[in-house]
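Let the hints inform the model, and build the full structure from the sequences given.
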Amino acid sequence: MSESKCKPSMSRQANCWDNAAMESFFSRLKVELVYAGTFESEEQAKSEVFKYIKIFYNRVRRHSVLGYVSPAEYERNYA
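Each residue of the sequence shown is one higher than the one before, counting from 1 in the UniProt record's numbering.
In short, the hints are calculated from the structure, not lab data.
Beta carbons: idealized from backbone N, C-alpha and C, even for Gly.
Hints are supplied without guarantee of correctness; some may be wrong.
To be verified - With a straight-line Cα cutoff of 25 Å, these simulated DSS-like cross-link-like pairs (lysine-lysine) come out:
no.	residue 1	residue 2
1	Lys-54	Lys-30
2	Lys-51	Lys-30
3	Lys-30	Lys-46
Claimed, not checked - Restraint-style ranges between C-beta atoms, simulated for each label pair:
no.	residue 1	residue 2	range
4	Glu-23	Phe-56	14 to 22 Å
5	Arg-62	Thr-38	35 to 43 Å
6	Ala-79	Glu-3	33 to 41 Å
7	Glu-23	Arg-76	34 to 42 Å
Written out as structure tokens, the structure reads:
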């Protein structure tokens with residue numbers, strides 16, 4: 001670590017606010033995908049999670065923090 005001058009980043013124990021963005025993402029993933037159905041195999045689960053993130057979450061789902069547009073639309077409008 002000292003050679004690269006990198007410092008590890010760790011959240012405080014039992015403090016969800018240290019990583020609120022990821023806590024929010026995983027909450028939505030569970031509610032909108034995992035709890036909504038069942039998976040027949042590990043491969044299907046991986047495929048569905050991939051599709052959820054790359055297609056739905058980034059291209060379709062509106063995010064309040066972005067003014068209720070998808071991340072893809074936000075990038076198109078403001079890049």
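### Message
Output the indices of the hints that this structure fails to meet, ascending.
### Response
5 and 7
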